[in-house]
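Enquirer: Here's the letter readout for the chains.
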Amino acid sequence: MSDARPVTAPIERNAALAADAPPVLEVRDLHVKVGGQLVLRGISLVVQAGEVHAIMGPNGSGKSTLAHVLTGRPGYEIVSGSALFEGQDLFALAPEQRARAGLFLGFQYPVEIPGVNNAYLLKAALNAARRERGLTELDAFEFLALVRAKMQLMRIDESFLGRGVNEGFSGGERKRNEILQMLVLEPKLALLDETDSGLDIDALKLVASGVNSLRAPSRSIVLVTHYQRLLDYVVPDHVHVLAHGRIVRSGDRTLALELERRGYDWVGGEAVVA
Amino acid sequence: MSKNPASVNDLNSLVGRAYRHGFVTDIDADTVPPGLDESVIRLISRKKSEPQFLLDWRLRALAHWREMREPHWAQLHYPPIDYQAISYYSAPKQRTDGPKSLAEVDPKLLATYDKLGVPLHERARLAGVAVDAVFDSVSVATTFKERLAAAGVIFCPFSEAVQQHPQLVERYLGSVVPYSDNFYATLNSAVFTDGSFVYVPPGVRCPMELSTYFRINAIKTGQFERTLIIADEGSYVSYLEGCSAPQRDENQLHAAVVELVALDDAQIKYSTVQNWYPGDEQGRGGIYNFVTKRGDCRGRNSRISWTQVETGSAITWKYPSCLLRGDGAIGEFYSVATTNNYQQADTGTKMIHIGTNTRSTIISKGISAGHGQNAYRGLVKIMPNAVGARNFTQCDSLLIGKHCGAHTFPYIETRNPTATVEHEASTSRISEEQLFYCLQRGVSTEDAVNMIVSGFCRPVFKELPMEFAVEAQKLLAVSLEGAVA
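Protein sequences, first through last, are from chains Z and Y.
So in our numbering, spot 110 of the first sequence is number 1404, and the numbers just go up one at a time.
So in our numbering, spot 308 of the second sequence is number 310, and the numbers just go up one at a time.
Please note that a few of the clues may not be correct.
[Claimed, not checked] Restraint-style ranges between C-beta atoms, simulated for each label pair:
#1 E435(Y) - K1327(Z): 16 to 22 Å
#2 E283(Y) - G1456(Z): 34 to 40 Å
#3 T1430(Z) - Q396(Y): 38 to 44 Å
#4 R1425(Z) - L170(Y): 53 to 59 Å
#5 R286(Y) - Y1403(Z): 43 to 49 Å
#6 D84(Y) - G1329(Z): 52 to 58 Å
[What the hints assert, rightly or not] Just a sample of chain Z residues kept apart from chain Y, beta carbon distances all over 10 Å, derived:
#7 A1315
#8 L1332
#9 G1466
#10 L1493
#11 I1541
#12 E1552
#13 W1560
[What the hints assert, rightly or not] Derived list of chain Z stretches under chain Y, where covered just means 3 residues or more per stretch with a C-beta under 8 Å from a C-beta of chain Y:
#14 1361-1369
#15 1415-1424
Hints were generated in silico from the structure; no laboratory data involved.
C-beta: ideal position from N, C-alpha, C; glycine also.
Produce the entire structure from the sequences given, and follow the hints as far as they go.
Expert: Structure below.
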């Protein structure tokens, strides 16, 4: 399993582990209902600092539910189980507190907020996190310098800053915007919910290089995805297969390849619906 | 058991901070006893040493008003108003006959303006704003007269214009809103006590934004101010109106009239930020705001723009309108109206296309929170001769919480087949999705709601002069506090 970690430097990670730090994320036997229906039926998952995990599974297996419930989206009923973020009870925190503590969700369908420009939201988000950490807030110039560098990386045009949040954006632009926000906010744990879906190959590579640029011993990434395609570019340390609200199989990246070859039926999921 | 701080329950507590301008200035006022009859009109007219034509006009209005009935077609509900229980004249008592400069103005008055943030002193000069402040019924201070006079612009209290420029007043007063126009305008015509007067001569671009700050102070006085703005041929003027009133348990009546006249190639931009006391969370108190505002694009290629941000008042009844008489005239109406708690607003505009190739644009943004009720009522009328007339109307409502309402009453009458009339309307809630998106980025619920609401209002805010836009945004945030919780 440990031979599939080409990006993370093992020595530094071991150092972090040696300090006896709690995992970045520790989910225990999580049961969650949506609209009275049990959707997650006992999820357990441990993500250590610096790791990249991929959670795969057919539609309706509970992938997005897991991402949403961890970030505090309304409408989910936590029946039992727990989730700790750096040892802290995640469910005791409001969504914005979770975000400020360093938990980021890359949305599958980023919503439009007409009239609110991208720069405004992103600056408010960054400064909210900085306040939380006792750092001084960035002024407009400092912010622009920071965000411009990241925009270049994601090949996002300058004019983008003045546009409304996701307003009139194509699917690909929305996903790139999510990655840009992630790069600016530099979360400790990024949950990327089907960030690869609907992207052409160039956009996929761009998104992947954005994600890879964030990889660091102190940061963890959970990729929620349907296909193994993204994993060619962002190589995970661990792969989990979700079916019917449970993790039915875990392994290294070869699991994703095998899954691609044999289909979700192999792990007891439904057939992949494109 | 899941934690849902972003739910609609949250959405309900963002609206409740106390009204910030709810203080009363304690000064001796010269107030006539409540009631309305000919003797009161004669008293007002005498106090102001008015010429005969004005007294006659007032008396005609009073006679007409007695025959009229209060209109009840609006989507508004309130107990009957006792017009005989209102005092129709209240003036602060002066230490001298009248202030000749700011130094002579009662310091308490100035302190009041200070609390309101009216830029009367040096700040005003820096900000480039001339203020004609109306305190109850008498204008107490007018700044920048000299600079304006150098440009030939007349900007003074209405009562002063009556003395100094009676021929202009006689010519234009009531020429847009006649004394017989409607119940409240007619009442105003009979009893108005002061207001602002602006005349911009031909070809002059007014060198600064003009601003009036209205404030109702005395208990149980109605405020009936009257504003008249004339932009002569090829001139331009931008006028800002800001309002607030002290906090009281009883309701106060405000029935103002604004008349705008734009001659050939002239342009008037009229911006209002209305923050009269809206009443408390139970709907007690607050201003009843029954206002008639109308602009007459009398000349060719003239243009009148109304921009309003309405956050205050218990009741708002207001339809700033444009008569597009000159060929090629343009009328615009940009509006944000917010109702929270038990506030009610029935507001909109009328665009009457009379001349050829006249154009009008209506952008209305209504925000309802708490138990607020918000109605847009608009009329686009294309007269038979208005060849090539065009109108575009966009009318959007945003709902916050479950107990508020939004209503839209668009009327379109077209009597010319060449006209183009477009109407777009939408009603939406602040979506949980938008809210969660912001929260997930670490933004608080309150900031997120303000952000989303400001974004919704952006098309209107960008029509406001810069400083006003900032003010409007803050005001909106305050008036929606507690709407989300």
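Enquirer: What hints, given by number in increasing order, does this structure fail?
Expert: none
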